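A.B. asks: Going line by line, the protein sequences match chains W and B. Using this note's numbering, you'd call the opening residue of the first sequence number 1 and step up by one each time. Using this note's numbering, you'd call the opening residue of the second sequence number 1 and step up by one each time.
These are calculated hints, taken from the structure and not from any lab test. Heads up, a few of these hints could be off.
No distinction is drawn between identical chains; accordingly, a pair holds when it is met within one copy or between any pair of copies.
Said to hold, decoys possible - Using 25 Å as the maximum straight-line C-alpha spacing, the simulated SDA-like pairs for lysine to any residue come out as follows:
#1 Lys-147 to Arg-158
#2 Lys-147 to Ala-127
#3 Lys-147 to Arg-159
#4 Lys-26 to Pro-36
#5 Lys-147 to Ala-123
#6 Lys-147 to Gly-121
#7 Lys-129 to Trp-150
#8 Lys-147 to Ile-171
#9 Lys-129 to Ala-184
#10 Lys-196 to Met-1
#11 Lys-26 to Arg-39
#12 Lys-147 to Gly-128
Quantities reported herein were computed from a predicted structural model and do not represent experimental measurements.
Protein chains: 2
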Amino acid sequence: MSLFRLDASIREDGSTSRALADLVEKHWQETAPDAPVSRRHIGVNPLPSDAWATALAAGATSDTDRTEQQRQALTLASTLIDELDQADAYLFAVPLYNFGPSQHFKTYVDLVTTDPRMAPGTATVTAGKPGVLVTVQGGNYSPGTPKEGWDHATDWMRRILEDVWHIDLRIVSREFTLVGVNPALDAFTDMADQIKGDAEHRAREHGRSLTIQNRAA
Amino acid sequence: MSLFRLDASIREDGSTSRALADLVEKHWQETAPDAPVSRRHIGVNPLPSDAWATALAAGATSDTDRTEQQRQALTLASTLIDELDQADAYLFAVPLYNFGPSQHFKTYVDLVTTDPRMAPGTATVTAGKPGVLVTVQGGNYSPGTPKEGWDHATDWMRRILEDVWHIDLRIVSREFTLVGVNPALDAFTDMADQIKGDAEHRAREHGRSLTIQNRAA
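My request is simple: use the sequences and hints to build the entire structure.
C.D. replies: The structure is reproduced here in structure tokens:
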């Protein structure tokens, strides 16, 4: 029962997505003591910005004609898929940045998707395995708020993780992480505390559920 | 009357977004002969994957304490904003990739947004200027199609270009660019031809409109 954890925050200290994911991991570990965790920090150690296009070009080139750079891109893609293949469960911690997906997570998805083991329309090595997506947002883009609809990341991440990679996904989201940081949001302190508490509750719950295959909805 | 053009396709030959943007540019140029065009090809010459986080860290560091890497990231961000500031009109050609935004365009937006001249909630150097966004999709994600809702990029790009950067934006989109490439889509040949023709019509029309400030909706 091993876990693959991916963090996309560009911060190490003070990252709210990391803190929530730590909670998921801790409660998963209580159900699976001594189980191994493999990790990748794509926000802090980003994948090269030309790896995806290079891997695609390599895929269209016969093995003997590939450049050294193309071989490296294929090796990197293959390493990423091995990490997914070898894990029994997943934890993705990906913040909303500028109202859209993390650039580093999009780069990761693009590169992973070049491999035949993870291409759209295939069985994928991740199919049916349990996963948790932790996502955090500085503001609040929930239904009924003035900026409803400004979260353009979560639906895309669900599309990839659920519909393309076929992961059995649960989501832990926390809005208003800038309350307490940006004084203009001080009026929302109580609401933000409630949101934080709810998110932590879900993090514990979904962390424990990661060992359960075919979890009920 | 100068134009700034940005291409995010990872291909040079056979890129359908480039071909449509060429048409926009050609018809803009007929209305503004000899006007200069500045260009950036972020799909082929990608921005470094650590520039955004480095620029953010630089912004939180006093000038005298900045590292050489931080200075370079700020200089790069500043160059990108100068390109936007000095242009009178914009042409963005950005394909849909893996059902979401181009990783390279997201990286560009993140880096541009670090500069006080382009931050969310500010007047921005692009405000009120005319622009065209060209976007292309291999499949068809329009309302009524089986994959309606799988385009998770266009709404986010509009959000940034219109609501955050305040560009007076027109859109040229072309779906089904894989018809004629992927034999499984051969049944849609007539529909794809119609879509292509409509897109080219809009490209010509919106190209001509780029010289007109405050275009009627």
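A.B. asks: Next, verify each hint and record whether it holds.
C.D. replies: Cross-check of the supplied hints:
With identical chains, the CA atoms of Lys-147 and Arg-158 are at most 25 Å apart both within one copy (20 Å) and between copies (15 Å). For the homomeric pair Lys-147 and Ala-127, the shortest alpha-carbon distance between copies (20 Å) is at most 25 Å, but the shortest distance inside one copy (34 Å) is not. Within a single copy, Lys-147 and Arg-159 get their C-alpha atoms as close as 22 Å, and across copies as close as 11 Å, so both meet the 25 Å cut-off. Proximity of Lys-26 to Pro-36 under the C-alpha cut-off of 25 Å is restricted to the intra-copy arrangement: shortest distance 13 Å within a copy versus 58 Å between copies.
Taking the closest pair of Cα atoms, Lys-147 and Ala-123 come within 25 Å of each other only across two copies (19 Å); inside a single copy the shortest separation is 37 Å, beyond that limit. Proximity of Lys-147 to Gly-121 under the C-alpha cut-off of 25 Å is restricted to the inter-copy arrangement: shortest distance 13 Å between copies versus 34 Å within a copy. Taking the shortest Cα distances, Lys-129 and Trp-150 sit within 25 Å of each other only across copies (23 Å), while inside one copy they are farther apart (30 Å). Within a single copy, Lys-147 and Ile-171 get their C-alpha atoms as close as 21 Å, and across copies as close as 23 Å, so both meet the 25 Å cut-off.
For the identical chains of this complex, Lys-129 and Ala-184 are neighbours neither inside a copy (42 Å) nor across copies (30 Å), given an alpha-carbon limit of 25 Å. With identical chains, the CA atoms of Lys-196 and Met-1 are never at most 25 Å apart, being 29 Å at best within one copy and 50 Å at best between copies. Within a single copy, Lys-26 and Arg-39 get their C-alpha atoms as close as 14 Å, which meets the 25 Å cut-off; across copies the closest is 49 Å, which misses it. Within a single copy, Lys-147 and Gly-128 get their C-alpha atoms only as close as 34 Å, which misses the 25 Å cut-off; across copies the closest is 22 Å, which meets it.
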